[in-house]
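Asks: Since each chain sits alone in its own frame, please combine them into the complex, following the hints.
Heads up: the sequence lines are chains A and B, in that order.
Going by the working numbering, 39 is the number at position 39 of the first sequence; the sequence numbering is gapless.
Going by the working numbering, 22 is the number at position 22 of the second sequence; the sequence numbering is gapless.
Just so you know, these hints were derived from the structure itself, not from any lab.
Be a bit skeptical, because a hint or two may be false.
Said to hold, decoys possible - Subject to a maximum C-alpha distance of 30 Å in a straight line, what follows is the list of computed DSSO-like cross-link-like pairs (lysine-lysine):
1. B:LYS119 to A:LYS68
2. B:LYS20 to B:LYS9
3. B:LYS119 to A:LYS30
4. A:LYS61 to B:LYS70
5. A:LYS68 to B:LYS72
6. B:LYS9 to B:LYS108
7. B:LYS72 to B:LYS122
8. A:LYS30 to B:LYS20
9. A:LYS30 to A:LYS61
Claimed, not checked - So these bits of chain B aren't anywhere near chain A, every CB distance computed over 12 Å:
10. SER17
11. GLU66
12. THR102
13. LEU117
Just so it is clear, CB atoms sit at the ideal spot from N, CA and C, and this is done for glycine as well.
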Amino acid sequence: MRLAFQMAYESPLVTAEAIEAIEFPHLAIKYNVQGVPRTVINDRIPLEGAYPERAVLDAIKAAVEGAKA
Amino acid sequence: MPIISERDKAIIQQQMSTLKQPVRLINFTQELECEYCRDTSQLMREVAQTSGSLRFEQYNFVTDKEMTEKYKIEQIPATVVMDDRDHGIKFYGIPSGYEFATILDTIKMVSSGQSGLAKETKDYLRTLTTPINLKVFVTPT
Numbered sequence: 001m002r003l004a005f006q007m008a009y010e011s012p013l014v015t016a017e018a019i020e021a022i023e024f025p026h027l028a029i030k031y032n033v034q035g036v037p038r039t040v041i042n043d044r045i046p047l048e049g050a051y052p053e054r055a056v057l058d059a060i061k062a063a064v065e066g067a068k069a
Numbered sequence: 001m002p003i004i005s006e007r008d009k010a011i012i013q014q015q016m017s018t019l020k021q022p023v024r025l026i027n028f029t030q031e032l033e034c035e036y037c038r039d040t041s042q043l044m045r046e047v048a049q050t051s052g053s054l055r056f057e058q059y060n061f062v063t064d065k066e067m068t069e070k071y072k073i074e075q076i077p078a079t080v081v082m083d084d085r086d087h088g089i090k091f092y093g094i095p096s097g098y099e100f101a102t103i104l105d106t107i108k109m110v111s112s113g114q115s116g117l118a119k120e121t122k123d124y125l126r127t128l129t130t131p132i133n134l135k136v137f138v139t140p141t
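Chain B with its partners taken away, still in its complex shape (with noise of 0.2 Å):
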């Protein structure tokens, strides 16, 4: 059974019937002892069906150790938003509520090509000389 319903599969689908660029929706999982495992996979996968520039690929945590490496991947359910670059997007745990509307808009963005960012935050950005990590804690809502 689908996780996304109808209804809201024609409302995605119209979202990213938009997409100028190819989009890799990457998910790591495996199939024992992760609880959202599996239903993330499915969801990713029912995102990626809505627009052909949305391609889904999946790895194991573990046995896809190469890949799990190249993209630094330290738990899962993992998903990993690029284009052809990797931007160091990622996604942990399976995006619901409020974070399912990020992952869309996410997709759009890097489809996009721009980052919406305001002309002082992109400024200061590219004088950066040390690499700068922001994790943020988020809860299904």
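Chain A with its partners taken away, still in its complex shape (with noise of 0.2 Å):
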């Protein structure tokens, strides 16, 4: 979680948004969250699980390819 707020706060172009899925179950379910944490990229890509830095901005990377594509 801590490094999607770092993102954040580092480019004007990203926000993140932590969600606890028990308080808002319509949007674990609506996000597929079977398990935390879990991570959404512009509410398409998932990323399960805690990644280190270097893999989110991999997935960063491959989210914004992906949709030039």
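Replies: Here's what the structure looks like:
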């Protein structure tokens, strides 16, 4: 979670939301949350579990490239 | 009755004593039909009381429409952590357990003016031309 907030702080183009899955079951269902943490990039690309900074960066790069393609 | 114990309060005060720049905790709430709203507001208010550099602000999700739209609040309870600029940092729900520590760390980060990210990450983020939204689902632990 910290990483997402760090990225939001660093870049004006990045926004980050922590969502308590138990309090918002409709969102947990919508985003297919089965375990936490689960990160969803741009409402499309899920990342299951806690990842190091480099791996999250790679996932964001892939999301950006995917959107272009 | 306070949510944060005297013992924890002393620890948080200690942590918050190093804050450099003022940080705003903007809380969105409503009275009815929101199980965790009251506790979240109280918790954030108590956190804000641990340092003169912290400011707690509260808005009503329904009646303070202008603020709700400004900060793009989609559900409540919601807490925005910011300085004089909105960085797009939001917490939906009550930050308890491990996530409470995340809130404290986020306050410290915003106050420090440094994200603490690796140079490689910063360099890449600077090249972004399209918005990136990160939703991170968590649970109280």
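Asks: If a hint holds in the structure, say so; if it doesn't, say that too.
Replies: Right, here's what the structure says about each hint:
1. B:LYS119 to A:LYS68: Roughly 25 Å between the alpha carbons, so the hint for LYS119 of chain B and LYS68 of chain A holds.
2. B:LYS20 to B:LYS9: Since the Cα atoms of LYS20 of chain B and LYS9 of chain B sit roughly 19 Å apart, the hinted pair holds (cutoff 30 Å).
3. B:LYS119 to A:LYS30: 34 Å, violated
4. A:LYS61 to B:LYS70: 28 Å, holds
5. A:LYS68 to B:LYS72: 26 Å, holds
6. B:LYS9 to B:LYS108: Measuring from Cα to Cα gives roughly 16 Å; hence the hint holds.
7. B:LYS72 to B:LYS122: 25 Å, holds
8. A:LYS30 to B:LYS20: Violated - the C-alpha atoms of LYS20 of chain B and LYS30 of chain A are around 39 Å apart, more than 30 Å.
9. A:LYS30 to A:LYS61: Roughly 24 Å between the alpha carbons, so the hint for LYS30 of chain A and LYS61 of chain A holds.
10. SER17: 21 Å, holds
11. GLU66: 19 Å, holds
12. THR102: For THR102 of chain B, whose nearest Cβ neighbour in chain A is about 5 Å away, the distance does not exceed 12 Å, so it is violated.
13. LEU117: Since the minimum Cβ distance to chain A is about 5 Å, LEU117 of chain B lies within 12 Å and the statement is violated.
The structure is inconsistent with the numbered hints 3, 8, 12, 13, although it conforms to all the rest.
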